[in-house]
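Trainee: Residue numbers for the sequence shown, in full-length UniProt numbering: 1 to 336.
None of these hints come from the bench; they were simulated from the model.
Some clues are possibly wrong.
Mimicking DSBU-like on lysine-lysine, the simulated pairs with C-alpha atoms at most 30 Å apart in a straight line are [said to hold, decoys possible]:
no.: 1; residue 1: K276; residue 2: K121
no.: 2; residue 1: K276; residue 2: K120
no.: 3; residue 1: K140; residue 2: K121
no.: 4; residue 1: K76; residue 2: K230
no.: 5; residue 1: K55; residue 2: K120
no.: 6; residue 1: K76; residue 2: K120
no.: 7; residue 1: K230; residue 2: K30
no.: 8; residue 1: K224; residue 2: K55
no.: 9; residue 1: K328; residue 2: K299
no.: 10; residue 1: K76; residue 2: K30
no.: 11; residue 1: K115; residue 2: K30
no.: 12; residue 1: K55; residue 2: K76
no.: 13; residue 1: K76; residue 2: K121
no.: 14; residue 1: K55; residue 2: K230
no.: 15; residue 1: K230; residue 2: K22
no.: 16; residue 1: K230; residue 2: K200
no.: 17; residue 1: K314; residue 2: K76
no.: 18; residue 1: K328; residue 2: K285
no.: 19; residue 1: K227; residue 2: K22
no.: 20; residue 1: K115; residue 2: K227
no.: 21; residue 1: K328; residue 2: K276
no.: 22; residue 1: K200; residue 2: K314
no.: 23; residue 1: K187; residue 2: K224
no.: 24; residue 1: K121; residue 2: K187
no.: 25; residue 1: K285; residue 2: K314
no.: 26; residue 1: K115; residue 2: K140
no.: 27; residue 1: K224; residue 2: K276
no.: 28; residue 1: K120; residue 2: K22
no.: 29; residue 1: K55; residue 2: K121
no.: 30; residue 1: K30; residue 2: K200
no.: 31; residue 1: K314; residue 2: K120
no.: 32; residue 1: K314; residue 2: K30
no.: 33; residue 1: K121; residue 2: K22
no.: 34; residue 1: K140; residue 2: K76
no.: 35; residue 1: K55; residue 2: K30
no.: 36; residue 1: K55; residue 2: K276
no.: 37; residue 1: K224; residue 2: K200
no.: 38; residue 1: K328; residue 2: K76
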Amino acid sequence: MATKTTVQTPTVRLTSGPVEVKEDSPEWLKEFNARGWTVVPEAVPRESALAYADKGYEWLESWSLGFDRNDRSTHKAANLPWHIRGGLYFKYGIGHEQFVWDLKSEPGLVDKFEKVWGTKKLLVSYDGINLSLPEQERPKTDPLFAPWSHVDQSPLRPYFDCVQGILNLLPNGPDDGGLMVLDGSSKYYTELWEHFDHKKPEGGWNERAYQNVDAEMCQWLESKGCKWVKICAQPGDLMLWDSRTIHYGAAPSSTNPRFAAYVCYKPADSISTQTKAWLLESFEKRECTTHDPAAPRGKTRLPPDDHPTYEEAKRRPVQQPVLTPRAKQLAGLVPY
């Protein structure tokens with residue numbers, strides 16, 4: 001059974017960028033405006049973040065594939081549900097697990113996006129989660145460790161459009177995998193695609209919210225003064241970046257796991273009626289989407305049919321998360 005991907009084309013353009021940065025604005029918001037990314041320390045209490053990480057371990061163990069968090073010899077792909085890039089999960093309806101909705105409803109987390117956009121009327125994506133475990137048998141020459149530089153915004157939308165986020169759940173150091181950003185690259189977004197117009201595919205640049213950025217493009221940006229930065233963070237820290245910032249997720253090269261949740265909120269009035277209806281349908285089916293609530297790409301709950309969990313995933317009941325009144329608003333279940 002082939003994996004089905006649904007593309008929703010955004011029909012509403014944001015009328016403005018993020019809220020104006022003023023002298024008394026938080027330092028993290030000033031940094032975001034200046035550099036295209038920032039880290040907000042302890043947006044969620046450390047103890048809460050670690051508790052969410054524990055729920056992530058429980059979810060991995062619930063599949064009974066041989067994974068044991070306390071036995072490193074079981075930390076291998078064969079003992080884990082289907083995933084990509086070492087630990088990116090967006091199947092099985094994981095974006096609708098109770099702990100994921102609890103996480104996305106954290107007041108300290110939502111508050112940061114309210115400050116970015118200048119409104120409380122937000123909708124959240126039904127994105128997945130990253131539960132990356134170092135696989136010691138993999139040599140560092142494995143393609144898993146290769147950069148996969150990209151942007152989650154179409155080159156055809158060069159204006160400010162989206163603020164992406166990652167809530168960090170475990171201590172994350174220089175070698176523990178995680179977010180790599182090309183610092184300052186968002187400033188050259190329009191110029192980048194104009195300069196490399198000769199590389200445009202026959203059908204044109206990708207219309208959906210994703211575009212690979214090759215090594216030559218990255219080198220050109222580096223010649224402009226942009227530099228790669230590995231973002232390190234503590235449990236509860238929130239990483240934010242402009243979707244025009246070149247980035248990728250690195251796999252852990254240490255012996256430490258990387259647990260993190262993808263979080264993205266946008267003003268409800270920037271999302272079309274059609275897309276809102278589609279999001280509600282995705283919620284009912286417990287399907288995940290990608291990062292952008294205004295331009296989501298939906299995927300079925302099932303893994304590839306040749307994966308050992310395929311039949312079990314069909315039998316496994318869909319999650320029935322209990323949402324708070326605020327979470328229902330963020331999910332689009334209750335209108336503002």
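Trainee: Given the hint that K121 pairs with K187, test it: the Cα-Cα distance must not exceed 30 Å.
Mentor: holds (28 Å)
Trainee: Would the hint linking K30 and K200 be met if the CA-CA limit is 30 Å?
Mentor: Between K30 and K200 the Cα gap is close to 34 Å, so the pair fails against 30 Å, i.e. violated.
Trainee: Mind checking the alpha carbons of K115 and K30 for me, to see if they're no more than 30 Å apart?
Mentor: Holds, at about 12 Å.
Trainee: Is the hinted pair K230 and K30 satisfied, with a Cα-Cα distance of at most 30 Å?
Mentor: holds (20 Å)
Trainee: Within a Cα-Cα threshold of 30 Å, do K55 and K30 meet the stated pairing?
Mentor: violated (34 Å)
Trainee: Within 30 Å, alpha carbon to alpha carbon, are K224 and K200?
Mentor: OK: K224 and K200 at ~21 Å, within 30 Å.
Trainee: Would you check the hint for K276 and K121, treating anything up to 30 Å between C-alpha atoms as holding?
Mentor: holds (14 Å)
Trainee: Take a quick look at whether K115 and K140 sit within 30 Å of each other, Cα to Cα.
Mentor: Violated, at roughly 40 Å.
Trainee: Does K328 pair with K76 here, judged by a C-alpha cut-off of 30 Å?
Mentor: Distance of about 36 Å is beyond 30 Å: violated.
Trainee: Taking 30 Å as the top limit, are the C-alpha atoms of K115 and K227 close enough?
Mentor: holds (27 Å)
Trainee: If you draw a straight line from the CA of K140 to the CA of K121, is it 30 Å or shorter?
Mentor: violated (45 Å)
Trainee: Between K55 and K230, does the CA-CA distance stay at or below 30 Å?
Mentor: Holds, because 26 Å separates the two Cα atoms, which is no more than 30 Å.
Checked against the numbered hints above, the structure breaks hints 3, 6, 8, 10, 13, 22, 26, 27, 30, 31, 32, 35 and 38 and satisfies the rest.
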